[in-house]
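In the order they appear, the protein sequences are chains Y and U. Residue 424 is where the first sequence starts when you use this note's numbering, and the numbers rise one by one after that. Residue 91 is where the second sequence starts when you use this note's numbering, and the numbers rise one by one after that.
Calculated directly from the structure, the hints in this document are not laboratory data. What you are looking at is a predicted structure, and each value in this text was computed from that prediction instead of being measured. Do not take every clue at face value.
[Said to hold, decoys possible] Some chain U residues near chain Y, calculated using beta-carbon distances under 7 Å:
no. : residue
1   : Asp-117
2   : Leu-118
3   : Ser-119
4   : Gly-122
5   : Arg-129
6   : Leu-130
7   : Gln-132
8   : Thr-133
9   : Arg-137
Even glycine gets a Cβ: it sits at the ideal position worked out from N, Cα and C.
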Amino acid sequence: MNESIVYLHKAENNTFVEASLFDQVTDEHLAMWSNEWVPVMKKHVGDLKLENAPEDSHWDWKKKLAEVGHLLSYQSFALICEGDLQGLMIVSNVRSAKIQEQFGKPIVYVEFVSTAPWNRVEINKPVKYRGAGRIFILAAIESSREMGYGGRVGLHSLPQAERFYESKCGFKRLGPESTHQNLCYFEMTSSQADLFCQNM
Amino acid sequence: MSAKRTMTLNLTDREMQVLEHLAAKKDLSKTGVMKLALRLLQTVDERIEPGKKLLVEDEAKNEKSELIFL
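Chain Y extracted, bound-state conformation:
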């Protein structure tokens, strides 16, 4: 397991603080998710109507990791800052690109990515840390480069995150796909990945 030093923006005092990105989610990370993250999410969801709850609030990360954690085609990431879990991500690396110019070439596909509830404006205002989403996209790009995929990345976005991927990250929107609950598919070329990394 590798640990990379990254930086998150701490809203409380408007500073950047050091964080650690691990390229493997461990039992310790899952315990942090279960003990710290889940209770906050459950409290927020409370009596909310299903359509108003965060779209990933029902995700069970222990179950997801148990299903794919042992496979070479999946990689998991955990982001830790000031002793707390700030985000989790699972990517896969056996899918093909769909954009015409890179069609059929392998990509790193973001299967699941979530930031901690206290980093979401709809749950905790002001949020505790900003920047987790961009760090995870950077991690997916780096993983793609390490695989020899040139930074190519793809994902299906939950509706609440579409603008982030298109406007903030520079993904190309390819449209909704019926095979993925009509979620919109986004993809990044090698040159778009280079541009994203330059702007980090």
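With chain Y held as given, fit chain U onto it using these hints.
Then chain U, alone, in the frame of chain Y:
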């Protein structure tokens, strides 16, 4: 980075031709193609159990065909 181990792979001319073709098509090194093949095989092998099939779907023709897997 995990420790890496080296192995030698002996291929026939035909196998090497296929490997070179795939490397060019997928924009990967030959090693990258072999690693991708290993990841794919493990993933599919894990999913295929008695009673399960791997299908290829042609959306345009609305056809499905079974992909035979070892």
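query = Should the interface hint for Gln-132/U be scored as holding, given a Cβ-Cβ cut-off of 7 Å against chain Y?
reply = Result: holds, 5 Å to nearest chain Y Cβ.
task = Identify whether the interface hint at Thr-133/U stands, where standing means a beta carbon of chain Y within less than 7 Å of its own.
result = Since the shortest Cβ distance to chain Y is 4 Å, the answer is holds.
Interface hint for Asp-117/U, Cβ within 7 Å of any Cβ on chain Y = With a minimum Cβ separation of about 5 Å from chain Y (threshold 7 Å), the hint on Asp-117/U holds.
Restraint outcome when Arg-129/U is required to lie within 7 Å of chain Y by C-beta distance = holds, 4 Å
ask   = Would the stated hint for Ser-119/U survive a check requiring a Cβ distance to chain Y of less than 7 Å?
value = holds, 6 Å
message = Quick check on the hint: Leu-118/U CB to chain Y CB, less than 7 Å?
response = holds, 5 Å
query = Close enough to count: is the Cβ of Arg-137/U nearer than 7 Å to one in chain Y?
reply = Constraint on Arg-137/U not satisfied, violated at 10 Å.
key: Per-residue hint verdict: Gly-122/U, partner chain Y, C-beta under 7 Å   = holds, 4 Å
query = Hey, does the Leu-130/U contact hint survive, CB to chain Y under 7 Å?
reply = holds, 5 Å
Hint compliance for this structure: hint 9 alone is broken.
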